[in-house]
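Sequence order for the protein chains is A and B.
According to this note's numbering, the stretch in the first sequence is residues 1 to 166, in order.
According to this note's numbering, the stretch in the second sequence is residues 167 to 562, in order.
No lab work stands behind these hints: they were computed from the structure.
Do not take every clue at face value.
Lysine-lysine pairs mimicking DSS-like chemistry, simulated, CA-CA at most 30 angstroms apart [claimed, not checked]:
| # | chain 1 | residue 1 | chain 2 | residue 2 |
| --- | --- | --- | --- | --- |
| 1 | B | 189 | A | 117 |
| 2 | B | 381 | B | 189 |
| 3 | B | 289 | A | 76 |
Take a look at the letters that make up each chain.
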Amino acid sequence: MPKIKIAENTVQLIREICTKYGNEEGELINVLHNVQDKLGYLPAEVQEVIARELNIPVARIYGVVTFYSFFSMLPKGEHPISVCMGTACYVRGSEQVLEEFKRQLKIDVGQTTPDGKFSLGSLRCVGACGLAPVVMVGEKVYGRVSPQQVRKILSDYIIGCPHSES
Amino acid sequence: MTTNTSYPLKRVDFIFLNENDWKQILSKTLKRDKQEIINCLMSSELKGRGGAGFPTGLKWKLTSDSEADEKFVICNADEGEPGTFKDREILSQVPQKVLTAMAVCAYVIGASKGFIYLRGEYKFLQHALTNAINEFEHYCEDIGFHFQTSIFMGSGAYICGEETALFDSMEGKRGEPRNKPPYPTSFGYLGKPTVVNNVETLAHAFTIFKYGAKKFRDLGVQYSRGTKLFSVSGDTPTPGIFELELGMTLQDFVEEFGDGDTKAVQVGGASGFLVPRKRFSETAIGYQGRLTGISLPTGGSMMLFNSTRSMYNVLHNYLDFFREESCGQCTPCRVGCQQLLAGIEAVKRGEKHSSYLEKLLKLSETMQLTAKCGLGQSVANSFASIVENFWEEMVF
Numbered sequence: 001m002p003k004i005k006i007a008e009n010t011v012q013l014i015r016e017i018c019t020k021y022g023n024e025e026g027e028l029i030n031v032l033h034n035v036q037d038k039l040g041y042l043p044a045e046v047q048e049v050i051a052r053e054l055n056i057p058v059a060r061i062y063g064v065v066t067f068y069s070f071f072s073m074l075p076k077g078e079h080p081i082s083v084c085m086g087t088a089c090y091v092r093g094s095e096q097v098l099e100e101f102k103r104q105l106k107i108d109v110g111q112t113t114p115d116g117k118f119s120l121g122s123l124r125c126v127g128a129c130g131l132a133p134v135v136m137v138g139e140k141v142y143g144r145v146s147p148q149q150v151r152k153i154l155s156d157y158i159i160g161c162p163h164s165e166s
Numbered sequence: 167m168t169t170n171t172s173y174p175l176k177r178v179d180f181i182f183l184n185e186n187d188w189k190q191i192l193s194k195t196l197k198r199d200k201q202e203i204i205n206c207l208m209s210s211e212l213k214g215r216g217g218a219g220f221p222t223g224l225k226w227k228l229t230s231d232s233e234a235d236e237k238f239v240i241c242n243a244d245e246g247e248p249g250t251f252k253d254r255e256i257l258s259q260v261p262q263k264v265l266t267a268m269a270v271c272a273y274v275i276g277a278s279k280g281f282i283y284l285r286g287e288y289k290f291l292q293h294a295l296t297n298a299i300n301e302f303e304h305y306c307e308d309i310g311f312h313f314q315t316s317i318f319m320g321s322g323a324y325i326c327g328e329e330t331a332l333f334d335s336m337e338g339k340r341g342e343p344r345n346k347p348p349y350p351t352s353f354g355y356l357g358k359p360t361v362v363n364n365v366e367t368l369a370h371a372f373t374i375f376k377y378g379a380k381k382f383r384d385l386g387v388q389y390s391r392g393t394k395l396f397s398v399s400g401d402t403p404t405p406g407i408f409e410l411e412l413g414m415t416l417q418d419f420v421e422e423f424g425d426g427d428t429k430a431v432q433v434g435g436a437s438g439f440l441v442p443r444k445r446f447s448e449t450a451i452g453y454q455g456r457l458t459g460i461s462l463p464t465g466g467s468m469m470l471f472n473s474t475r476s477m478y479n480v481l482h483n484y485l486d487f488f489r490e491e492s493c494g495q496c497t498p499c500r501v502g503c504q505q506l507l508a509g510i511e512a513v514k515r516g517e518k519h520s521s522y523l524e525k526l527l528k529l530s531e532t533m534q535l536t537a538k539c540g541l542g543q544s545v546a547n548s549f550a551s552i553v554e555n556f557w558e559e560m561v562f
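Chain B extracted, bound-state conformation:
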């Protein structure tokens, strides 16, 4: 295998490095000018680490510019993407970093209330997190900064990680995504301007407040600055969470984490893409732009599959997941997920000719164009990338 340009894997240690200096960082940052903090985040080029990659500084700026009597900061800890487990580690190891960044965000946008939307499956974190919040609020009081945080427990719905569904869920409703616009920066929780940031994004913001924008921006590559936590699972001798500099190729990644027999890697969980072995060297992990080929954004889930795994089973599992988790609000997603699943089963059983897969690919394309939210739109990502690359396994 030849790699055109080599960006070897660089391990970094910011997020889990705990120097217990959050009090100092918080006091220091709250003394800075609000506009200056926004500029600092913008120049760091930090992008949302939940997977969508929206520039964090811009999100804070837009919310800060919205006029309202009340605003909110929400930390999205509804980590439900299969194969992602970084947020639970952050919240159990360094919750103060996340709370500090939330408080700074509240200061910048003019909010006094924050929420952590905690995934129902992570209920075991609730107790320790509540203690961390109490200690944090106590310190805020001491330095005369008014900021309160509460935990909202999720109830087992993947879709609630979508920010507008998350609002509805917090308002006591079914978690069904809303139409956008209006965007959360002007009309979010209870109709008020709201910043929703992923747990990891907030933890990176802490790093930036601590070391400055330049140190963060110097890491990674163009369009994909800084570091990212990767949740590595599947057929690997070393599963776990790793903080790596952005911009590496999948080839580098597999050489480090593979078991020597990796046939494909699913990047970004069920809503992400499957990359087959022949594309490893041309695929980079980042947000945009070109390194050596295509570049994939990711929420950090990296699942490796070796040659003993059936990609039909993997796809079946994803589609079953989507069918179950589709909120049912819009037809392309509700019916589409059911039909894709029934379709591949029919082809596998030989009831349909293999050319039926072409039709299913068209259906997934339609879902991508017409589904209301990210869930329905992204079903096509894994569907098309698995079917196109492992056509034979779908049929035989």
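Here chain A stands alone, though its shape is the one from the complex:
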């Protein structure tokens, strides 16, 4: 892995989180959740620091980070957008909704817009199947979304952009 220096205060922050969990190997997932909450993502250098603190091989951490869909090695946008691809949403047209987001934002799933504002992802069933199809922007849930509403949803997050249409 390339050695990129990360800021000393970031290293300190990671150390503090590890200490909070007793530097215990078994707490790895809690540590990762916490670090990602603070930094937004878990790049390789961050994993190396955690490996040193918990005294485990960095490969084990990499294995865990890539296993769980909640952990990301890439930075997410300011407003992460997730389109539910669970079956109920899928049959009610979430794929078209996802396509519309791709078209509007000009990015693919897993990518972030150049201005860092939005990132796009798909997820599996948020447990709101009665509201299918469902889109999440950050922690906010939008139900019964149609492709036509995509523009309106995005405009909620673009300051200065008038609420166009409908």
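Based on these hints, arrange chain B on the given structure of chain A.
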């Protein structure tokens, strides 16, 4: 349509009926003899409501019989089956019922620590749930019962709902299922005897402690006693969560929840079965045994599809889901899921003859026999039931 025996839909209201009497039920139950509580659960015939249907009383008994210096109670709230959303409602509306049942379980098996393994997507529940836990622990202290509960946040892996993968995940590892035996009742979290119960199972246990085993057992039918929460979604005018008596036929169900044009119902989510219209009247929802025909266990997901839906798309979605969520540990599941998906795509594009579906069916059978855990084994359920019943839609 004729129904041989009629078990009309019976709505019941136990789980979400909140009389705020958990303190009273908890104190009362903790005074009972441990063996008597186990007997009570056994005679209620409560079975695991996560979908597998293991008798809850027996699980508690086996764990109670295991000797160890430490034991654990885990509430499985990793509700990830597509189309299931009952646990999130239980935890947001009546968390105290679940905590009460966990505490009683801890008392019976001799544990002092409990965990709620909360699905990552339900992070929004964490705050309210933590408050409920604090209030609960406070009361336990007051009555001199030592029991602590913490929440463990999942990280977005369907497989972690499998109990042994859940342990590994809690231990800070990749959530990969272990070999069984040893079973969790003797070797679970951190290698200690552990009870893992679904959220709904615990909520039903509360009902049983409150009203007694008989009231619960009197509901439902033979082998499938009591009530069950159903998460209804898809093409229905009334999506939502409904508590129903077990044992109804799918015919009764569709008459109540369908939109008049229901062509098939997927029972039990991606790992469940698809039932086509012609089988509605002979299919009962329960655990075992025969009512009017086959009987399907379910985690409670009921997804209705009307005639505008392509079953190829539905199957494609399931297989894509399984391919994504397979932990990759064993070959039948890792490669099998990929091949099934690539296979139906090839048939649809006309690159393979429709007889290739026969081969894929054999492959799914092999997965059922050889995959290490429930995920890989159950891919064949939806695959075979969709392909066999909607062959034409797979090809054309």
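Residue 189 of chain B paired with residue 117 of chain A [C-alpha distance capped at 30 angstroms]: With a Cα-Cα distance of about 48 angstroms, the restraint between residue 189 of chain B and residue 117 of chain A is violated, given a limit of 30 angstroms.
Agreement of residue 381 of chain B and residue 189 of chain B with the hint, judged by alpha carbon distance not exceeding 30 angstroms: holds (21 angstroms)
30 angstroms Cα cutoff - pair residue 289 of chain B, residue 76 of chain A: Since the Cα atoms of residue 289 of chain B and residue 76 of chain A sit roughly 18 angstroms apart, the hinted pair holds (cutoff 30 angstroms).
Against the hints set out earlier in the document, a violation occurs for number 1 only.
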